[in-house]
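**Student:** The lines below spell out each chain.
Number of protein chains: 2
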Amino acid sequence: MKVLGIDLGGTNIAMAIVNENGEILARNKVETKVHEGFARVVERMSDAAIELIEKVNGVSKIGIGSPGSIDHENGIVRFSPNFPGWINVPLAEEIEKRTKVNVSLENDANAFVMGEKWFGKAKGYTDIIGITLGTGVGGGVITGGKLLRGHDGIGAELGHIIVDPNGYPCGCGNHGCLETMASATGISRLAKEWKERYPESTIKNFSAKEVMDAARMGDQLGVKVLEIVSQSLGTALGSLIHIFNPQIIVIGGGVSRAGDILLSNVKKYTRENVMRSFWNTYEIVLSDLVDDAGIFGAASIGFEEIES
Amino acid sequence: MKVLGIDLGGTNIAMAIVNENGEILARNKVETKVHEGFARVVERMSDAAIELIEKVNGVSKIGIGSPGSIDHENGIVRFSPNFPGWINVPLAEEIEKRTKVNVSLENDANAFVMGEKWFGKAKGYTDIIGITLGTGVGGGVITGGKLLRGHDGIGAELGHIIVDPNGYPCGCGNHGCLETMASATGISRLAKEWKERYPESTIKNFSAKEVMDAARMGDQLGVKVLEIVSQSLGTALGSLIHIFNPQIIVIGGGVSRAGDILLSNVKKYTRENVMRSFWNTYEIVLSDLVDDAGIFGAASIGFEEIES
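Here the protein sequences line up with chains A and B, keeping their order. So the first sequence is numbered by the numbering used here: it starts at 1 and just counts up by one. So the second sequence is numbered by the numbering used here: it starts at 1 and just counts up by one.
Calculated from the structure, these hints are not laboratory results. Computed from a predicted model, the values in this text were never measured in an experiment. Fair warning: there could be bad hints in the mix.
The list makes no distinction among identical chains, and a pair is therefore deemed to hold if it is satisfied within one copy or across any two copies.
[Unchecked claim] List of simulated lysine to any residue pairs, SDA-like, C-alpha gap at most 25 Å: (1) LYS192 x ASN265; (2) LYS224 x GLY167; (3) LYS224 x GLY85; (4) LYS267 x GLY171; (5) LYS267 x HIS151; (6) LYS267 x CYS172; (7) LYS29 x GLU96; (8) LYS29 x THR99.
Extracted from the complex, chain A is given alone in its bound form (with noise of 0.2 Å):
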């Protein structure tokens, strides 16, 4: 079995055509250049698609992982805040017509949480939850075997729950949202917030990433906003775990380069907000396919349709 997964992102689209085994058969990967519009970018996926399709024989199906509010059932982009003026548009549909395989469309969180069951740490799980910790934070569930997409398919908004009701402002209009604290740009933020009281720290641009780094060689600053972002973490994991009795957590987005400092805070943390009769029913890993995460999310939701 052979299935295209296609990462649409931001910045660029990234595809390989992924066997069953995960192996990685051929890549390819091109600029998405929103700014050009839906009817381009479709054709440039479909291009950079058709050729590595001609490359290699048998790819059965193509799966698609999109950001923003996905139709999986029709394939279509509901909208999606990074690219302006696709509402509606039938993603799906148009792949399908120029490249004559059968294509799916998920949502990249969901997307991501399958791939880590196809792919990743959660193999042969079938209760999982996905947190992806990038500019944003995205979820995705998998209870009983199935993908939890809710009603009308938007579920799963795991960066919305609420951690803290006084919290910060989110984007989205509420307060204190698992966002606002444990995306890059919660961090970052956070990262400023505190600076005066850690004169003597090293950091200096403020991303994620330097942060994390900072934590890591002991700067003050850094090890305070893990603390905080590793308890907001702790505090929605452990109303997850209530609510889903996973058998494994996995963290993936960039924020989860961080590692080991960052994995064993937010085990601390997420233990300190479950109940005893939880404690050693779960996991929390984080995910090992972090540069090619997206490309196996949306392989795996082609590999999940072609098996049920």
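Chain A is already provided as a structure; the job is to place chain B on it using the hints.
**Tutor:** Just chain B now, kept in the frame of chain A:
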């Protein structure tokens, strides 16, 4: 189709034979007398069940709703806080042996939400959240038509969603669980804590019922507590709407008898915590099964199994 629904409570065991139209054909009730031990409770439950089954022909299934941690698959009560000594007791098997009718055992909060799907306000819906506000706060979730159980069958602990990480200590060991605020116990405690600020209040015994009745009459202490309780529910329901994208949320349990004054406040504070893109995707209602919710819930577990 006729199912015998048994609502196992700490004080009483209520049961009735229900048909698929939600009509009660016969009912019975015995004291639980937990202190007499598992064997005697089983005996009393089966005797009462047999009496009913002999009265009404054609009962094809028994559904039991039980508090505590339930192993649905094996029909076992793992443990139940108010049933001391009930550790891994094979309740389903014991009742089946005596009644000669096939038995399904389910957690009472799961039974509640299933009862709403079969016989209550969520009839015909596939994505449903049920919350029971009683001595504690229980929860059940149906997503894509299926009961959410979690990997070990202990999921949907909606009372232990953390609504304030710096909140009150909860019986579960956490801080700021929904249960600390929105249970009858929580309401009673909140009223006692705030009473000094409201010397003119007429609230005397501080039961949840009295507090809610007082709120309805405009008593300022009652109104204050109602507001705090509704805010906590709004925070939890906001998160749950983002997670499950449900069509309907049904609130039951003794506290829900407070009626419209509770419902209107919960609606208001929930909306404050819900993203615009989820507005108009959900309704919030109070259960109208109240007195028989336990029986209907238990019966629905039987009907669900017959149907599947």
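**Student:** Determine which of the earlier numbered hints do not hold for this structure and return their numbers in increasing order.
**Tutor:** Violated hint (a single one): 3; every other hint is consistent with the structure.
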